[in-house]
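Under our numbering, the sequence shown has 252 at position 72, and the numbering climbs by one with no breaks.
No lab work stands behind these hints, which were simulated from the structure alone.
The model shown is predicted, which means the values in this text are computed figures rather than measured ones.
Honestly, I wouldn't trust all of these hints.
[Said to hold, decoys possible] Distance ranges between label pairs, derived from CB positions:
1) 302 <-> 215: 15 to 23 Å
2) 229 <-> 189: 19 to 27 Å
3) 222 <-> 193: 16 to 24 Å
4) 300 <-> 277: 18 to 26 Å
By construction, the Cβ of each residue, glycine as well, lies at the ideal position given by its N, Cα and C atoms.
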Amino acid sequence: MARAVTLIRSASLSDVAEYAYAATAPAESRLIFLAGACPLNDDGSTAAVGDYAGQAAKAVENMRTALASADASLEDVISTRVLVASSRQEDLVTAWEVVRDAFGDHDVPSTLMGVTVLGYADQLVEIEAVAAVLDA
181 MARAVTLIRS
191 ASLSDVAEYA
201 YAATAPAESR
211 LIFLAGACPL
221 NDDGSTAAVG
231 DYAGQAAKAV
241 ENMRTALASA
251 DASLEDVIST
261 RVLVASSRQE
271 DLVTAWEVVR
281 DAFGDHDVPS
291 TLMGVTVLGY
301 ADQLVEIEAV
311 AAVLDA
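Based on the sequences and whatever the hints tell you, model everything.
Written out as structure tokens, the structure is:
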């Protein structure tokens, strides 16, 4: 299946980053702007309280569900922003590793940010994403 997203890497920039530096989609693409994927269970409670990796995994799971509702998948994501409620770099890395592993070879341009607080009780992780698809 043809994909709309093209990941761009630059030989002029460090290869230490675990993501592409840019991405494009053709003008005829349908863009999908997702609300921040939160680590919420079906009943509205926060999953994996106190667990950065567990919350990142639940947020990815919820993002997959939202994408599927828009006839898209992780491979259609063109960029992400991962928000982690912590000032500790190791907490950010813990959440990032889960997100990175979920995307596998589709290493979209991403921003990882530490924030002071997120919207739900006990929430530690949120993932914002934009996707692009070619409609058949």
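Structure-based check of all given hints:
| no. | hint | result |
| --- | --- | --- |
| 1 | 302 <-> 215: 15 to 23 Å | holds, 19 Å |
| 2 | 229 <-> 189: 19 to 27 Å | violated, 38 Å |
| 3 | 222 <-> 193: 16 to 24 Å | violated, 41 Å |
| 4 | 300 <-> 277: 18 to 26 Å | holds, 22 Å |
In terms of the numbered hints stated before, the structure departs from hints 2 and 3, listed from lowest to highest.
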